[in-house]
Amino acid sequence: MTPEEENVALLRPLYESWNETKGASFGAFLDIIADDVDWRSLADGGVGMDFTRSGKTKGDVERYFEGLGRDWEMLHYVIDDYVAQGDRVVALGRCGFRHRRTGRVVETDKADVVRIRDGRIVSFFEYYDTASVDAATRD
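With the first letter of the sequence shown counted as 1, position 22 gets the number 22 in this note's numbering; the numbers rise by one all the way through.
Bear in mind the hints are in silico, worked out from the structure with no lab data behind them.
Since the model is a prediction, treat every value here as computed from it, not as a measurement.
Mixed in with the good hints, there may be bad ones.
Capping the alpha-carbon separation at 27 Å, the derived lysine-lysine pairs in BS3-like fashion look like this [said to hold, decoys possible]:
#	residue 1	residue 2
1	Lys22	Lys56
2	Lys22	Lys110
3	Lys22	Lys58
4	Lys110	Lys56
5	Lys58	Lys110
Work out the full structure, taking the sequences as your base and the hints as a guide.
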């Protein structure tokens, strides 16, 4: 197996479990997060999405997942394609979430760019429709 194939094989079951458990399985992600991770989201802590601010530690990533689960109900999170080159894997898919306070649903394409070193996630950056997410958080 090539290093790229190994990296995809590391991530694929995490994403599948993430979808199947509707977000309850984030501990599996924490298990392979490096201590010095660079965790980022396109929303970057914007209004109504404060949990998305950049993180540098496992504790920061845990805060991200807890905030996501507190504020949003996952409907689905499906990865359609994995593209790997060197130490990077891009997971391309789509997801749906319902905002717990407003009840609004967001369906968006999703791209996660993950860097892996020695079997650990050392960086993560997620891209999605931030305008739709922002609108769903507003009364």
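(Q) Name the hints, by number, that the structure is in violation of. (A) none
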